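A.B. asks: Read off the chains here:
Number of protein chains: 2
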Amino acid sequence: MEVINKFVSLKAHIDGSPQETDFEIVTETLTFSIVAGSKDVLVKNIYVSIDPYQLNRMKSLSSSQTSGSSYAVGVALGQAIDAYGVGKVVASGHPDFEKDDLVIGLISWGEYSIVKEGSILNKLNSLGFPYSYHVGILGFSGLTAYAGFFDICKPKKGEKVLVSAASGSVGNLVGQYAKLLGCYVVGCAGSQKKVDLLKNKLGFDEAFNYKEEVDLKAGLKKYFPDGIDIYFDNVGAEMLEAAVGNMNSFGRVAVCGVISEYTDKGKRAAPDMIDIVYKRITIRGFLAGDYMSLFPEFIAATTDHLQTGKMHALEDISQGLESVPSAFAGIFRGDNVGKKIVQIAEE
Amino acid sequence: MEVINKFVSLKAHIDGSPQETDFEIVTETLTFSIVAGSKDVLVKNIYVSIDPYQLNRMKSLSSSQTSGSSYAVGVALGQAIDAYGVGKVVASGHPDFEKDDLVIGLISWGEYSIVKEGSILNKLNSLGFPYSYHVGILGFSGLTAYAGFFDICKPKKGEKVLVSAASGSVGNLVGQYAKLLGCYVVGCAGSQKKVDLLKNKLGFDEAFNYKEEVDLKAGLKKYFPDGIDIYFDNVGAEMLEAAVGNMNSFGRVAVCGVISEYTDKGKRAAPDMIDIVYKRITIRGFLAGDYMSLFPEFIAATTDHLQTGKMHALEDISQGLESVPSAFAGIFRGDNVGKKIVQIAEE
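Protein chains in written order, with the UniProt record's numbering: chain H, 1 to 347; chain V, 1 to 347.
Derived by calculation from the structure, the hints in this document are not laboratory data.
Predicted, not measured: the structure shown is a model, and the values here were computed from it.
Here a beta-carbon is modelled for each residue, glycine too, at the ideal position from N, C-alpha and C.
Just so you know, not all the hints are guaranteed correct.
[Claimed, not checked] FRET-style restraints, in silico, Cβ to Cβ:
(1) V:G289 with H:D215: 28 to 34 Å
(2) H:S60 with V:G158: 34 to 40 Å
(3) H:S293 with V:D226: 25 to 31 Å
(4) H:G118 with V:K265: 51 to 57 Å
(5) V:K267 with H:V73: 33 to 39 Å
(6) V:D290 with H:I25: 54 to 60 Å
(7) V:G16 with H:H305: 50 to 56 Å
(8) V:K267 with H:Q192: 35 to 41 Å
[As the list claims (entries may be wrong)] Listing some non-contacts, in silico: residues in chain V with all C-beta distances to chain H over 10 Å:
(9) I25
(10) K39
(11) N56
(12) E98
(13) G118
(14) K157
(15) G182
(16) K211
(17) Y223
(18) R268
(19) I281
(20) G285
(21) S293
(22) F295
Construct the complete structure from the given sequences, taking the supplied hints into account.
C.D. replies: In structure tokens form, the structure reads like this:
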């Protein structure tokens with residue numbers, strides 16, 4: 001069978017902040033045939049996830065070599081860009097999937113995806129929640145927050161928690177989990193609107209706009225007169241330095257992402273290592289993919305919190321494939337409030 | 001009773017590299033009387049430990065405030081400076097100690113110390129080893145290496161280990177423990193003499209002089225073509241950055257000390273946080289004092305290794321109280337080879 005497919009592709013590698021003009025929408029005729037031995041699945045995409053980490057896959061080879069790691073698989077110019085999302089099966093050569101199955105996995109920033117055998121694809125039980133939840137709060141963003149907070153930070157009730165990019169896809173969930181555990185939670189974000197939302201809708205104890213702080217270290221001291229026990233880092237750079245400077249003994253930093261460093265190769269965090277030693281601080285990077293074994297526990301806890309109204313899904317959904325480039329570029333400008341998702345097609 | 005005591009005191013706070021002239025030798029008449037209710041102990045000092053961390057206690061208040069932590073108790077100008085060491089009891093008001101007992105604990109850079117109740121003092125069983133061993137390989141240097149390597153680094157046989165300041169008091173022991181466990185061990189040090197010693201006497205697989213490496217990151221790649229699993233950091237700054245750049249996934253950095261940053265407040269390590277995230281690296285500071293529960297295990301293992309000739313004590317002993325200032329200043333110039341100790345009196 002043949003479908004007319006539109007997809008987002010990268011025109012050139014990106015070494016700074018992404019712009020809408022770095023991408024183009026390509027139209028192709030996708031031919032899908034089920035041949036013996038092939039387990040390909042043709043998926044019509046419904047919701048796709050827009051995540052900052054994708055930028056690291058779009059950098060030029062020399063840039064990622066310079067930074068010492070190839071990170072995830074690079075995005076090829078002119079090709080479809082794989083991304084996590086929800087879709088519906090159109091045709092399947094795989095015995096586990098049939099037409100009209102709702103699926104979740106590695107699809108693409110496009111209207112259709114051909115998912116090859118061995119790639120990530122699962123049937124989706126929506127559990128009665130909006131499909132979009134499974135891209136965010138019940139998907140990898142949620143698992144990232146859950147695993148990072150509980151496994152890396154090892155929080156205890158009453159501990160003092162700082163979350164950066166706190167209205168972002170992962171940060172808002174970390175703050176919510178922390179509040180539910182009984183922690184004191186302060187979020188930082190980049191606008192008054194986000195600050196208000198964190199305090200008024202999500203129940204953070206405090207929140208502040210980092211752009212309005214002249215001295216981040218002194219600023220944090222106001223919000224944490226008794227010091228920080230846990231810092232959930234989504235931004236890196238100066239905020240990490242200021243957090244370490246305000247940290248208590250045996251403090252823990254979970255490094256989930258360093259968005260301020262993604263767009264600026266020269267930007268670095270230089271925490272005071274003497275603090276690290278004397279205060280016995282742990283700084284630890286992690287990837288949610290290592291925590292698939294926590295998925296059932298995470299889903300059970302989070303669906304329960306959602307059903308009892310103790311957690312809220314904070315979503316920022318744009319409509320249509322054409323909005324993917326601006327949705328993605330907007331993440332790095334702080335445009336999004338909550339999980340950034342693009343709805344490609346009707347449910 | 002009265003004794004004429006000489007001790008080393010600090011003339012002014014130090015905010016850079018220490019110099020001999022920052023110290024002076026003070027002579028005092030020490031009056032010691034055993035009064036009811038006092039458990040003071042008068043100790044004649046034999047060996048005292050010379051450690052880099054002492055510099056952090058000698059900084060001005062504003063300096064340590066700037067760096068966000070008061071660290072250990074500051075050293076008061078003109079007073080005796082407490083330090084770990086071995087001595088002999090001269091007189092005791094404490095029921096646990098009597099005249100001529102060999103003791104170990106927090107004494108001072110002086111000929112005599114009055115150890116107050118509640119301070120650290122224990123009877124020393126030399127176990128047949130030179131007394132000086134109990135200041136180094138069987139003392140806090142040893143415990144630091146043992147706890148830091150085994151508990152913080154969680155090493156496995158065959159893993160690839162980098163140790164900085166590898167001929168120093170702690171570094172040389174970390175390398176020896178790592179070799180005994182079956183790791184591949186590379187040490188870096190600051191002279192050819194030290195490099196030769198690491199390779200020829202202590203059995204390191206490789207060693208190099210960091211001063212001769214133009215590009216540390218590229219240099220490490222030569223010694224670790226398959227990457228670094230563990231970095232035991234004694235120096236901080238550029239070496240930490242280079243190590244993180246060469247680290248394997250799930251690599252661990254134990255931050256024992258950052259001697260290059262002690263003498264230069266502006267010097268910082270700025271490891272690539274994107275590496276920290278994608279390679280799931282853990283950076284963790286620690287203090288040996290948190291690991292007193294490991295002391296029996298550490299002593300049992302280490303005395304066994306010494307008795308069977310599998311470990312060697314690397315000591316650098318100067319003679320006489322007057323040599324304390326140059327011994328201490330020399331640590332920051334890389335003068336010492338192995339554990340720096342000053343012998344104050346005959347055993």
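A.B. asks: A separate judgement is required for each hint: does it hold in the structure or not?
C.D. replies: Okay, the hints, checked on the actual structure:
Restraint check, G289 (chain V) to D215 (chain H): a C-beta distance of roughly 32 Å satisfies the suggested window 28 to 34 Å. Checking the proposed 34 to 40 Å range against S60 (chain H) and G158 (chain V) shows it holds: the Cβ atoms sit about 35 Å from each other. With their beta carbons about 28 Å apart, S293 (chain H) and D226 (chain V) fall inside the hinted range of 25 to 31 Å. A beta carbon spacing of about 53 Å between G118 (chain H) and K265 (chain V) agrees with the range 51 to 57 Å that was offered as a hint.
Separation of K267 (chain V) from V73 (chain H) is about 37 Å and conforms to the stated range, judged on CB atoms against 33 to 39 Å. At about 57 Å, the CB distance of D290 (chain V) to I25 (chain H) agrees with the hint of 54 to 60 Å. The hinted window of 50 to 56 Å between G16 (chain V) and H305 (chain H) holds, with their beta carbons roughly 54 Å apart. Judged by the Cβ atoms, the range 35 to 41 Å given for K267 (chain V) and Q192 (chain H) holds: they are separated by roughly 37 Å.
Separation of I25 (chain V) from chain H is adequate, the least Cβ-Cβ distance of about 29 Å exceeding the 10 Å criterion. For K39 (chain V), the condition that its CB be more than 10 Å from all CB atoms of chain H holds, with the nearest at approximately 29 Å. With a minimum CB-CB distance of about 7 Å to chain H, N56 (chain V) fails to clear the 10 Å threshold, and the non-interface call is violated. With a closest Cβ-Cβ approach of about 37 Å to chain H, E98 (chain V) is found to remain outside the 10 Å limit, as its non-interface label requires.
Distance check on G118 (chain V): its Cβ is at least 21 Å (rounded) from any Cβ of chain H, clearing the 10 Å threshold; non-interface status holds. In this structure K157 (chain V) is separated from chain H by more than 10 Å, as the shortest Cβ-Cβ distance comes to about 23 Å. Every CB of chain H lies more than 10 Å from the CB of G182 (chain V), the least distance being 26 Å, so the non-interface label holds. No Cβ of chain H comes within 10 Å of the Cβ of K211 (chain V); the nearest lies about 21 Å off, and the non-interface call holds.
Its beta-carbon lying about 16 Å from the closest one in chain H, Y223 (chain V) satisfies the requirement of being farther than 10 Å from that chain. With 10 Å as the threshold on Cβ separation, the claim that R268 (chain V) sits away from chain H is violated: the shortest Cβ distance comes to roughly 4 Å. The beta carbon of I281 (chain V) is not kept farther than 10 Å from every beta carbon of chain H, the shortest such distance being approximately 5 Å. With a least CB separation of 4 Å from chain H, G285 (chain V) falls inside the 10 Å interface cut-off, contrary to its annotation.
Non-interface call for S293 (chain V) relative to chain H: holds, since the shortest CB-CB distance, roughly 15 Å, exceeds 10 Å. For F295 (chain V), the shortest C-beta to C-beta distance to chain H comes to about 18 Å, beyond the 10 Å cut-off, and the non-interface label holds.
Of the numbered hints listed earlier, those contradicted by the structure are 11, 18, 19, 20.
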